[in-house]
Amino acid sequence: MNRKEEDRAVEQIIVRLEKKFPNEPPTSIEKTVHEQQLALARNPLRDYIPVLIEHAVKDRLRRAALHLPAAA
Numbered sequence: 001m002n003r004k005e006e007d008r009a010v011e012q013i014i015v016r017l018e019k020k021f022p023n024e025p026p027t028s029i030e031k032t033v034h035e036q037q038l039a040l041a042r043n044p045l046r047d048y049i050p051v052l053i054e055h056a057v058k059d060r061l062r063r064a065a066l067h068l069p070a071a072a
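Counting in the numbering used here, the sequence shown runs from 1 upward without gaps.
Since the hints were derived computationally from the structure, they do not count as laboratory data. Glycine residues also receive a C-beta, built at the ideal position from the N, C-alpha and C atoms. Not one of these hints is a red herring.
In silico DSSO-like cross-links for lysine-lysine, where the CA-CA straight-line distance does not exceed 30 Å:
1) K31 - K20
2) K19 - K4
3) K58 - K31
4) K58 - K19
Derived DEER-like restraints, expressed as beta-carbon distance ranges:
5) P25 - L45: 25 to 33 Å
6) L68 - K4: 34 to 42 Å
7) A39 - N2: 13 to 21 Å
8) D7 - H55: 16 to 24 Å
Starting from the given sequences, assemble the full structure and let the hints guide the process.
Right, dumping it as structure tokens:
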């Protein structure tokens with residue numbers, strides 16, 4: 001996956017998460033997704049980055065909604 005494809009996939013993740021978490025401010029979702037993307041920036045297996053980002057952000061948003069501490 002090249003950078004352009006990854007960026008397109010990340011934008012699709014943002015749209016899906018905004019629909020899944022309508023009570024969360026869109027700017028918060030976008031910021032969280034980009035933070036997760038940055039955290040995975042050195043991962044050499046780029047094909048899996050969008051899936052890893054979406055999974056991690058969903059977990060963070062669910063925990064925030066339930067007022068649970070962040071996962072380690």
